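Participant: Sequence:
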Amino acid sequence: AREVDGIDLFIGGHIHKGWPEPWIDPVTHTMVITGYAYGSNLGMLTLTIDPETKTLTGYELPAIREGAMITLFEDQFIPDPDARDLIEGYVSIAEEGMDEVVGYAKSHLSRTNVDAQSPMGNTIVDAMKYMVNADFSFLNLGGVRAEIKSGPVSYRNIFEVMPFDNMLISFKCDGRTLRRIIETRVEGSRAGLIVSGVNVVYSRQRPNFDRVTTLLIGGEPWDPDKIYTVATTDFLMQGNAGLTMLMNTPAEDITNHNINLRDAIVKYFKDMSPVDTKIDDRWERNDNSKQAPYL
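Numbering-wise, the sequence shown is residues 1 to 295 according to the working numbering.
Since the hints were made in silico from the structure, they are not lab data.
Heads up, some of the hints might be wrong.
[Unchecked claim] Once the Cα atoms are required to be at most 27 Å apart in a straight line, the calculated DSS-like pairs of lysine-lysine come out as:
no., residue 1, residue 2
1, K278, K267
2, K267, K106
3, K106, K290
4, K290, K149
5, K172, K226
6, K290, K278
7, K106, K226
8, K149, K270
9, K267, K149
10, K172, K106
11, K226, K290
12, K17, K172
Given the structure is predicted, the values throughout are model-derived calculations rather than measurements.
Kindly generate the complete structure, drawing on both the sequences and the hints.
Facilitator: Written as structure tokens, this is what we have:
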């Protein structure tokens, strides 16, 4: 709203909060409003436009309930029997096999981040690297949606961790591109990546795109000319999370393994249990670190 001129209304989301009145930016005069979370209401905002000047002159919110046209809480509605039976039929199909145990977690795999690491996140990228025998794997920080307690691990647990239908992709790139991926995710105030196969140290006291001070791949110093095999998801290969450079990867260097990321995690638990992933030295922020000579 502040950065772009000429926008009258900005409807936000993803923060899981609702605003009963718009916030108006004092500089651009753009109105910003957001609905509530989890489909709990339908909002409506009526705008008044001057037909001659084509400019916004006012707005009106419904007076029913804090900007909501109608609330959609479950206990407000009596289920339609036919619709309920139809849905329950599909649910029973989807539930089949969900509680089958696929492996074990030796410790609690938390998704709470320490810098860009968490035991759950590290487990996922370790599974990605393992599945396609990559040198380096990475995932966006927002891609981990649950954690796994110590003990038996079921398909349901893994589905809760990774509810998206992301596919596992690998690609070939030189060391310069690999470093650029990492530098892009520590540029400005960005918080980094979940990674496997590398040891990264970076400093926010250094200039953007030159913040990495240590970069080891497979325990060896980064080589700008070496060709590495990298594993990620189709979501990130589409340029999301600021990684637009991945969209320029030549098609002949990309392999779609037709493996859902959930299935890769299942395979990892089946093969590697009991899983006991920890936070380690793969990713570290150290603002006092000196840049290695090979960088």
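Participant: Are the Cα atoms of K106 and K226 separated by 27 Å or less?
Facilitator: Not satisfied, since the Cα-Cα distance of roughly 37 Å exceeds 27 Å.
Participant: Are K106 and K290 close enough, with their CA atoms no more than 27 Å apart?
Facilitator: Violated, at roughly 37 Å.
Participant: Holds or violated: K278 and K267, Cα atoms, limit 27 Å.
Facilitator: Distance of about 19 Å is within 27 Å: holds.
Participant: Just to be careful, I want the Cα atoms of K172 and K106 compared with a cutoff of 27 Å; is the pair within it?
Facilitator: violated, 34 Å
Participant: Hinted pair, alpha-carbon criterion (27 Å max): K149, K270. Please report holds or violated.
Facilitator: holds, 16 Å
Participant: Given the proposed pairing of K17 with K172, does the C-alpha separation stay at or below 27 Å?
Facilitator: With Cα atoms ~41 Å apart, K17 and K172 exceed 27 Å; violated.
Participant: Starting from K267, check that the Cα of K106 is at most 27 Å away, please.
Facilitator: Judged against 27 Å, a Cα distance of about 17 Å means the pair holds.
Participant: K226 and K290: Cα distance at most 27 Å?
Facilitator: The hint holds at about 23 Å.
Participant: If you draw a straight line from the CA of K267 to the CA of K149, is it 27 Å or shorter?
Facilitator: Since the Cα atoms of K267 and K149 sit roughly 18 Å apart, the hinted pair holds (cutoff 27 Å).
Participant: Checking one constraint from the list: CA of K290 to CA of K149, max 27 Å. Satisfied?
Facilitator: violated, 38 Å
Participant: K172 and K226: Cα distance at most 27 Å?
Facilitator: holds, 10 Å
Participant: Hint check: K290 vs K278, CA-CA at most 27 Å. Holds or violated?
Facilitator: holds, 26 Å
Going down the numbered hints, you'll see the structure goes against 3, 4, 7, 10 and 12, while the others check out.
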